[in-house]
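**Student:** Each chain is listed here by its residues.
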Amino acid sequence: MEKILEVKNLKKHFKLNSGWLSKPCYAKAVDEVSFDLYRGETLGLVGESGSGKSTTGRTILRLIEPTAGSVHYEGTDITQLAGQDLRSLRKNLQMVFQDPYAALNPRMTVGECITEPMLEHNMYSHNDAVDKACELLKDVGLDKSYYYRYPHEFSGGQKQRISMARSLAVAPKVLVADEPVSALDVSIQSQIINLFKDLQNEFGITYLFIAHDLSVVKYLSDRIAVMYLGEIVELCDKHELFENPRHPYTQALISAIPIPDPTVKTERILLQGDIPSPTAVPQGCRFSTRCRYCQPICLEQHPELEEIDGHSVRCHLHDRLEAKS
Amino acid sequence: MNQKPSLYNKWEKEIKAFFRNPLGLIGLAGVTFILLVALCAPLLAEPVGGYGVFEERLMGPTANHPFGTDDMGRDMFSQVVWGARASMKVAILAVLTAMIIGVPVGLLAGYFQGFVDTIGMGLIEIFLTIPMLPLIIIITAVADTQSIDMVAIIIGLFSWPTIARITRASTLQVSSMQYIEAAQCLGIRTGKIIFKHILVNASTPVIINLTVVMATSIITESAISFLGLGDPSTFSWGKILHNAHSSGAFASAWWYSLFPSMAIILFVISFNFLSMGVRDALNPKITRA
Amino acid sequence: MTQYIVKRVFKGLITLLITITITFLILRLLPSDPAMMMLGDMFTDEQRIELMAKFGLDKPLHQQYFIYLKNLLRGDLGMSFFQRRPVMEIIQEKLPWTLLLMITTQIITMLIGIPLGIYSGYKRGTVFDQIVNAIAIFGISIFVPWLGFTLLYFFGYKLPIFPIGGAYKVGVPEGWPYFLDIGEHLVLPVVTLMVIYLANYVLYTRGSIIDVMEEDYIKTARSKGMKERRVLWKHAAKNAMIPTVTMAGMMLGRMVGGAVLTETIYAYPGIGRMIYQAVGQQDYPVLQGAFIILALSVILMNIITDIAIVYLDPRIKLG
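Protein chains in written order, with the numbering used here: chain A, 37 to 361; chain B, 2 to 290; chain C, 1341 to 1659.
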């Protein structure tokens, strides 16, 4: 499979407390994140709030500027681009946002939202753009008569479809979806997830699907990456993840997925404590403060991401642990 | 497919809300009235100037002179009517000046933040610190301003910080919305983002403030003219009051000070009511109720 | 906290410096030669040369600027053209009267206006509130000279209850009669000023309370079964006070300059009237000095207000 996106050693540290008389402290939101994205696949990126997954998505798209690291899209390092080059590149990498209510300009009609980027990049003439917008509305499951309506006239699910139509307007090859269904009712969530699937089949888009809920990600993804406190702690094929999770954090996440069968006894792994603040990252392994298997080595040495047969894990004890399924 | 929405459609909710509010409607009526008087001044009365009829001075309201005459025998009614024209001119000119400077400063400070914002806010704060009336007094005295337009522009030059501050606050709020991030993501040019996406959505508090600035600019101009500064030849309402005060006639000729004062109060109240009507109409909490 | 205070004071000093510079520049924009302006036919030739040297009017602009700053630090605000005595002396005479007028006005308006505004906002929509609101809007639209005139006319001429001008009558004996006399002279000017300030306080506090009452924590307090009065005073009022404190600070800061119109109408010997007369007399040093004092008082009040607010709402210093 061909690599379409290569993320290497991506870092984003936020500087806080920039007073003259106080020491600066950094929130290490994204710390040395590396992964590859293959053309046509869906990579799920999961983690709890504060894990840095949304920041990772935004940094890749340069909506937030990375502190360090590189992102190569089809060979070009996009962290070095500027001006017109960057703007042209944006056509290929798009994002679908979490809050459908905030993601659409309330004073623009649906049609204007969708045609604006097309016209901005001189992709079509005005009339062609209108036709194309109607087509896109159909693709996302909306009637073309919605063209002249305003966003506030629609439900959350419909707004999200409009957002997707807008992102598709520039024909992107990679789409970063930042928790696109978290703000929707559960019954709508599956509709939108299916829409993602259909669009991928039709247009061959590569997805980076960010979510905090493993069950949402399970359906769509080919591979899954698990993030904790700014780092990737596990990355592998979807089936492999659910059958053979190697990182204690992943195991805890999986055990928390509710099983709709009252006869099955679930042994929930409860994590102690809360996720530490990104400003005060623990020494050694970052998960050590909550890990039930914590050993002295976990407190002293920071584990690297090791790959075995396409399954990457960041844990000192991964080969000694038994997987719970 | 529906028809393309007009400007009315865009703001339909707010326009309807405005018309349900008695306060705003009264204000609108007052402003419209004064505007009409100002525009139709030549039709309503002779232009004022020079000296009036000596024998007719300081006469109370009569059929010939519905507002009486002043200490030089000039007709008060014409003075007040033409004063409306001067006042509208001042209000509009001052507001335009304030907007032309204030809105871009606020937008840029709010969008780019960082260094640009520090400079912008610094400027704003300095201007806000300086007490406006004394400074305007000093400037008009020093620069020996003879024209009412200049007075209006000077007033505008000291009103821009209020508008800039409100624009900036509004811009900061809008800039944090995800649709702005989406526009950046889609590769829309920065200029377009600021002047199309942000401006339209940030403008509502600014519009409210515009009407307030118009009201305060008239108060300021009246104060300046009353103190004897500014344009000696234009009969603004403040100037009429200055004449009343300096001629010593105010104690005996109640009509001399009453009518121009009422005009000023009417003007200011109308704009204040209007601004409240607009504010309530644009307030999402109230319109949705 | 200390860091915040230091930063705030520093910002105030910079603002003051810039204001002083602007003042300096404005008065150098005089249409005619400042030396001639100032010296005219008021001084002898020797005095002229002496004064020119003192103010360095013959030196280049930037040197004049530093001499100006130096003099300022010593409290030397220059020499009045018209009265031929130090500006500082004149200001020291006039300032107390203005402060007396303004502080009296502010205290009364705060004591009446804030509770009135709170109660009115609390009873939003009732007849009481609507009346208060309408009167307040009317109040902020009032044109001070007209109000001053009308009051003077009715209570000074028609029914001569109060004196028509000045701050005191000459020749009144010391002690209690003196204070009474001053008080008498204060009544009309204070009432004139009060109207606008009162209206401002009422409207502002009312709006503030209305916003606060909509907040969720008020609903929570009520649903906890808290007595309504307590909800109002303990929770709502305290938070609504924050913008009011800001505004109060602003008003107090503008105290010194805010009375120009009132003092002129009542011939009250304060800074406001001083400015008005100086304009007529083209007495630029006095204008300059007055302006700096004004700016200083505003900056000072702003600093105090900003620091006071942080005590009320700790979130602000982080913002």
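These aren't lab readings, by the way, just hints derived from the structure by calculation.
Worth double-checking, as some hints may not be accurate.
[As the list claims (entries may be wrong)] So the derived list for chain C, only partly shown, Cβ under 10 Å to chain B, looks like this:
1. Thr1466
2. Ile1471
3. Ile1477
4. Trp1486
5. Thr1490
6. Leu1491
7. Asn1579
8. Ile1605
9. Gly1612
10. Tyr1616
11. Ala1630
[What the hints assert, rightly or not] So the derived label-pair ranges between C-beta atoms look like this:
12. A:Lys44 x B:Gly115: 27 to 37 Å
13. B:Ile16 x C:Tyr1557: 32 to 42 Å
14. B:Gly115 x C:Ile1475: 44 to 54 Å
15. B:Lys5 x A:Lys233: 43 to 53 Å
16. A:Pro312 x C:Tyr1557: 28 to 38 Å
17. A:Asp167 x B:Val201: 24 to 34 Å
18. C:Tyr1557 x B:Val201: 47 to 57 Å
19. C:Ile1362 x B:Lys5: 16 to 26 Å
20. C:Gln1403 x A:Gln116: 32 to 42 Å
21. A:Thr299 x B:Lys11: 54 to 64 Å
Ideal Cβ placement from N, Cα and C applies to all residues, glycine included.
**Student:** Hint by hint, where does the structure go against what was stated? Just the numbers, ascending.
**Tutor:** 1, 2, 6, 7, 15, 18, 19 and 20
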